[in-house]
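Number of protein chains: 2
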Amino acid sequence: MQLSETPRTRLTRLSERGRAELADLYAVLDAGLVGHLGVVRYGAPLVLPMGYGRRGDTLYLHGSSGAGWARTLDGAEVCFTVTHVDGVVYARSVFDHSLNYRSAVVLGTAHRVTDPDRQNEALAAVTEQLSPGSWSYARLPTRRELAATSVFALELTEASVKIRTGPPHDEPADVTTGGRWAGVVGVRTVFDEAEPAPDLEAGLTVPAHVSERRPA
Amino acid sequence: MQLSETPRTRLTRLSERGRAELADLYAVLDAGLVGHLGVVRYGAPLVLPMGYGRRGDTLYLHGSSGAGWARTLDGAEVCFTVTHVDGVVYARSVFDHSLNYRSAVVLGTAHRVTDPDRQNEALAAVTEQLSPGSWSYARLPTRRELAATSVFALELTEASVKIRTGPPHDEPADVTTGGRWAGVVGVRTVFDEAEPAPDLEAGLTVPAHVSERRPA
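Note that the protein sequences, when read in sequence, are chains A and B. According to my numbering, the stretch in the first sequence is residues 1 to 216, in order. According to my numbering, the stretch in the second sequence is residues 1 to 216, in order.
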């Protein structure tokens, strides 16, 4: 059931990888709502869930300027991991139970984005990842809101993608012995019907970018 | 949209917390299929997705004995984070967009479990978290399989739980201005119908612990 056994030594520079693997990396990142940011604080690892966005080979993060992790992120080595669970793999043996999943592990140094145009691009990327269509529909950030937000870039130069699909791989002896069911139960993320805010004015219908949203 | 802003200084010793918060921690952990383990390797953070299990105030992890992270985990400071995404919060403003979520961040030192009885308990916990019912249904590990598996314990003594629920919190001016829809689109994990392994013998029906599985 080990999901990932990727030591840093086995991670690969993207420039050395084929187009297919880069496409896999983009696909895993683009399908996520939340990733997990790893930083070292007080000498120990800290893993925090957060939204993100991608533009080309740059991953963008943002946070409240007052947040502890955001205050020390500029120039810090980080790891950003996105995982999708696709299925529970029931094997004949406990040992061969597993998960179908897709995961991307990105390593690098986070850099604060200070250029206003690039901040804007980054926030658009993060917003569109969370809620496609919102950047052109909702009210855009004010100068005060921008000042309260720290934006960081992480270049996608060192990353690892792991994907498991398909049925269980049981020991031949367990298959021969028989008598125990084996297979896969798919796991999916679904979106429910939109629930209007209690203070929403009457007569406003759910916009298409919300009502027609489907999992990536 | 910041999911978590929990610096170590704001994490709390569990002994100082109320019963309700401990119940929240258990609930968040018990509902997950995958958590994200943070370790420091070569001086940099590394975040890996993996299954886990809980028994009382102990979190159990396991991995292939040959895995890089498993070889250096005994005695290492770690962070283990479990996150559930419950909804996308569409606000009138981009700035107030958010996620409804539940997350638990556990900090501590991982210790290798060497006592066979406790290894057994740990593997049962991990298996039952992934696939409830499998420990009593599937073939149990052989001595050889146990030797190939490293088991680790992380005590739940220092942890943080964050939960966001409910509608968007827009600026009063944005509510007054009106004209933009706001609300929540719930996000849920669902299990699909069980798909038998291609090499499953005829006549074996899906056992109840698989067919009746529902999200935690």
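Simulated from the structure, these hints should not be mistaken for laboratory data. These numbers were taken from a predicted model, which means no experiment stands behind them. Take the hints with a grain of salt, since some may be wrong.
[Stated by the list, open to error] To give an idea of the interface, some chain A residues facing chain B are shown, with a C-beta separation under 8 Å as derived from the structure: (1) 26; (2) 27; (3) 45; (4) 49; (5) 79; (6) 90; (7) 191; (8) 200.
[Claimed, not checked] Computed footprint of chain A on chain B; a stretch qualifies when at least three of its residues, placed anywhere within it, have a C-beta under 8 Å from a C-beta of chain A: (9) 132 to 146; (10) 152 to 161.
[What the hints assert, rightly or not] Listed below are several chain B residues computed to face chain A (Cβ distance under 10 Å; list not exhaustive): (11) 22; (12) 46; (13) 87; (14) 94; (15) 99; (16) 119; (17) 123; (18) 175; (19) 179; (20) 181; (21) 182; (22) 198.
Note that CB positions come from ideal geometry on N, CA and C, so glycine has one too.
We went through each hint and held it up to the structure:
1. 26: With a closest approach of 18 Å, the residue 26 of chain A hint is violated.
2. 27: This interface hint is violated because 16 Å lies over the 8 Å limit.
3. 45: Since chain B brings a Cβ to about 4 Å from residue 45 of chain A, closer than 8 Å, the hint holds.
4. 49: Status holds, d = 4 Å.
5. 79: Holds - the Cβ of residue 79 of chain A comes within 8 Å of chain B, reaching about 5 Å at its closest.
6. 90: 6 Å, holds
7. 191: This hint holds: residue 191 of chain A lies near chain B, its Cβ roughly 5 Å from the closest one there, short of 8 Å.
8. 200: 6 Å, holds
9. 132 to 146: Coverage by chain A holds here, the residue count being 9 at a Cβ distance below 8 Å.
10. 152 to 161: Result for this restraint: violated, n = 0.
11. 22: 21 Å, violated
12. 46: 5 Å, holds
13. 87: 8 Å, holds
14. 94: 5 Å, holds
15. 99: Hint holds; residue 99 of chain B Cβ to chain A Cβ min 7 Å, cut 10 Å.
16. 119: 12 Å, violated
17. 123: Where the cut-off is 10 Å and the nearest Cβ of chain A is about 7 Å from residue 123 of chain B, the hint holds.
18. 175: Interface hint status for residue 175 of chain B: holds (5 Å vs cutoff 10 Å).
19. 179: 8 Å, holds
20. 181: OK, holds: residue 181 of chain B within 10 Å of chain A, min 5 Å.
21. 182: 4 Å, holds
22. 198: 6 Å, holds
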